[in-house]
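**Q** All chains should be modelled from the sequences, with the hints used to inform the complete structure.
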Amino acid sequence: MHNHFCPGLTHGVLATTLGMIKFKEIFGDYKQVQATVNTTSCFMDGVQFVAGTTLANHGLKIEDEKVSSVIFSKKRM
1 MHNHFCPGLT
11 HGVLATTLGM
21 IKFKEIFGDY
31 KQVQATVNTT
41 SCFMDGVQFV
51 AGTTLANHGL
61 KIEDEKVSSV
71 IFSKKRM
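Counted from 1, the sequence shown has number 57 at position 57 by this note's numbering; the numbering is strictly sequential.
These are calculated hints, taken from the structure and not from any lab test. Glycine included, C-beta positions come from ideal geometry on N, C-alpha and C. Fair warning: there could be bad hints in the mix.
Pairs of lysine to aspartate or glutamate residues, derived as DMTMM-like cross-links and limited to a Cα-Cα distance of at most 20 Å, are as follows [said to hold, decoys possible]:
1. K75 - E25
2. K66 - D45
3. K74 - E63
4. K74 - E25
5. K61 - D45
6. K75 - D29
7. K75 - E63
8. K74 - D29
Per label pair, the in silico range of CB-to-CB distance [said to hold, decoys possible]:
9. R76 - F5: 31 to 39 Å
10. C6 - R76: 27 to 35 Å
11. H58 - K24: 13 to 21 Å
12. G28 - D64: 29 to 37 Å
13. G28 - N3: 33 to 41 Å
14. C6 - G28: 15 to 23 Å
15. V13 - L55: 24 to 32 Å
**A** Next up, the structure:
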């Protein structure tokens with residue numbers, strides 16, 4: 001998935017780990033998690049790796065605003 005280690009990847013992993021803990025506290029599980037990422041940098045790979053969200057499973061949205069941030073929400077059915 002990612003061919004080098006860098007600060008962006010690390011930040012994505014840490015932000016997602018903290019976000020997923022809060023998501024589970026609120027919703028009870030991770031099955032319906034959706035991540036909206038505001039960058040197309042290495043940060044996004046960290047989010048995908050930890051949360052298991054991808055474009056293919058409709059669990060990842062990208063809004064390229066050049067800011068390394070992620071918003072977690074429950075998927076709409």
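**Q** To test your reading of the hints: which numbers does this structure violate?
**A** Hints 14, 15 not satisfied by this model.
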